[in-house]
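Just so we're aligned, residue 6 is where the sequence shown starts under the working numbering, counting upward by one.
If you are wondering where the hints come from, they were derived from the structure by calculation, not from laboratory data.
Mixed in with the good hints, there may be bad ones.
Stated by the list, open to error - With a straight-line cut-off of 27 Å between C-alpha atoms, the simulated DSSO-like cross-links for lysine-lysine are:
1) LYS253 to LYS142
2) LYS161 to LYS211
3) LYS58 to LYS281
4) LYS211 to LYS109
5) LYS27 to LYS57
6) LYS277 to LYS142
7) LYS109 to LYS119
8) LYS58 to LYS27
9) LYS57 to LYS281
10) LYS277 to LYS27
11) LYS53 to LYS277
12) LYS53 to LYS281
13) LYS249 to LYS138
14) LYS112 to LYS198
15) LYS109 to LYS198
16) LYS249 to LYS142
17) LYS52 to LYS281
18) LYS253 to LYS198
19) LYS198 to LYS249
20) LYS122 to LYS109
21) LYS277 to LYS161
22) LYS277 to LYS52
23) LYS249 to LYS201
24) LYS52 to LYS27
25) LYS253 to LYS201
26) LYS198 to LYS116
Unchecked claim - Computed beta-carbon distance windows for the label pairs:
27) LYS52 to LYS249: 54 to 62 Å
28) THR335 to LYS249: 46 to 54 Å
29) ARG153 to PRO309: 25 to 33 Å
30) PRO30 to ALA173: 35 to 43 Å
31) GLU139 to GLY196: 12 to 20 Å
32) ARG153 to LYS57: 52 to 60 Å
33) LYS198 to PRO255: 23 to 31 Å
34) LYS211 to THR270: 40 to 48 Å
35) GLN151 to PRO276: 29 to 37 Å
Glycine included, C-beta positions come from ideal geometry on N, C-alpha and C.
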Amino acid sequence: MATRWGIVSTGNISSDFVTALKALPESEHRVVAVAARSLQNAQEFAKKYGIKKAYGSYDDLGTDPDIDVVYIGNVHTHHLSVGTAMMRAGKPILCEKPLCMNVKEVKEMIKVAKEQKVFMMEAIWSRFFPAYKELEKRLTAGEIGQVRHVIASFGKDLPNMERMHDSATGGGVTLEIGIYPIQLVSFVMGGEKPLKIVGTGHQNSKGVEESIGTTLLYSDGRIASISASFRAFLPSEAFIIGSKGTIKIPYPMWCPETIEFPSGTFTEPLPKSAHKFIFDNSQGLMYEAMEVRRCLQQGLLESPGMPHSESLTLSETIQAVRTQAGTVYTQD
6 MATRWGIVST
16 GNISSDFVTA
26 LKALPESEHR
36 VVAVAARSLQ
46 NAQEFAKKYG
56 IKKAYGSYDD
66 LGTDPDIDVV
76 YIGNVHTHHL
86 SVGTAMMRAG
96 KPILCEKPLC
106 MNVKEVKEMI
116 KVAKEQKVFM
126 MEAIWSRFFP
136 AYKELEKRLT
146 AGEIGQVRHV
156 IASFGKDLPN
166 MERMHDSATG
176 GGVTLEIGIY
186 PIQLVSFVMG
196 GEKPLKIVGT
206 GHQNSKGVEE
216 SIGTTLLYSD
226 GRIASISASF
236 RAFLPSEAFI
246 IGSKGTIKIP
256 YPMWCPETIE
266 FPSGTFTEPL
276 PKSAHKFIFD
286 NSQGLMYEAM
296 EVRRCLQQGL
306 LESPGMPHSE
316 SLTLSETIQA
326 VRTQAGTVYT
336 QD
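The whole structure should be built from the sequences, with the hints applied where relevant.
Okay, structure coming up:
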């Protein structure tokens, strides 16, 4: 039987997620409803993507008995309120990154998931790309020996994306795109919490950081150097340096089809799609959807590939990085 999806919000990432689902067999994934704060927006989205039900209220979507799991793609200032409401209505959720605004909110989200005994996963889609699976396999096999250093960046010149530059709407480069190099480092370090985080950044007039540079220290002297920017096109690639060699993840490091290993290059192209996407490699959103279906079928309450503990570690690291750059949110 198909996994029946409900979609929260009609923004760009929700559009790409629904488009990615359409490339998967309808016998496995179906979008049955969409909700937005505006019924008209929901109806227009539903018409565009062939979705039967449109709601002008998130609560109405949460009580729809025909929905198996809810994808939350709204602005992350509202992830906690919408996510907990859905889980209290008994709905499993796949919530876009960042899971919440800060550590306190992430802990609350995890608490509700456990209380309600429903599945919850943060949509760190990178983790489910075949290239990342191959990376995990090679690191475990010791292809580059002991990891000594990780270097990762993500930067674009985005002067006109107002929401991303305003603290009132959860803006700031760390939550928006800095999360990707941070999650890669955490992935490589096995989910270990850093021993020390030292960084700085440039803050704009609206109270959020637009660029950051941070060094993280891990056990056994392992170091990670990350940078993220709304002000410059950074290489947006990553290097994992070990005692026996180096792995390179070329652009785009957050959704790669290719990784360069010492023993040769691994490539698994994304499936061809007749549909247009808004963001880079968004066809790859299908991988996280496939993981959600697998987890639900097995009765899991969290994904081994992106467990709650990892979401908490990510949030703790992100909060340290952006506060060192001077960013504080009202939610803090």
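Self-check item: Satisfaction of hint between LYS27 and LYS277, Cα-Cα up to 27 Å
Solution: Within the cut-off at roughly 12 Å; holds.
Self-check item: Pairwise hint evaluation, LYS119 against LYS109, where the allowed Cα distance is 27 Å at most
Solution: holds (16 Å)
Quiz item: Does the structure keep LYS198 and LYS249 at a Cα separation of 27 Å or less?
Solution: Roughly 24 Å separates the two Cα atoms, so the pair holds.
Quiz item: Has the given pair, LYS211 with LYS109, been kept, meaning a C-alpha gap of at most 27 Å?
Solution: holds (23 Å)
Quiz item: Taking the CB of THR335 and the CB of LYS249, does the distance hold inside 46 to 54 Å?
Solution: holds (48 Å)
Self-check item: LYS277 paired with LYS52 [C-alpha distance capped at 27 Å]
Solution: Holds - the C-alpha atoms of LYS52 and LYS277 are around 24 Å apart, at most 27 Å.
Quiz item: Is the hinted pair LYS253 and LYS142 satisfied, with a Cα-Cα distance of at most 27 Å?
Solution: holds (15 Å)
Quiz item: Are LYS112 and LYS198 close enough, with their CA atoms no more than 27 Å apart?
Solution: holds (16 Å)
Self-check item: Satisfaction of hint between LYS109 and LYS122, Cα-Cα up to 27 Å
Solution: holds (20 Å)
Quiz item: Is LYS52 within 27 Å of LYS27, Cα to Cα?
Solution: holds (14 Å)
Quiz item: Taking only the CA atoms, is the gap from LYS27 to LYS57 under or equal to 27 Å?
Solution: OK: LYS27 and LYS57 at ~14 Å, within 27 Å.
Practice problem: Could you grab the alpha-carbon distance between LYS161 and LYS211 and see if it respects the 27 Å cut-off? | Solution: Given pair LYS161, LYS211 holds - Cα atoms ~19 Å apart, limit 27 Å.
Violated hints are absent here; each numbered hint is respected by the structure.
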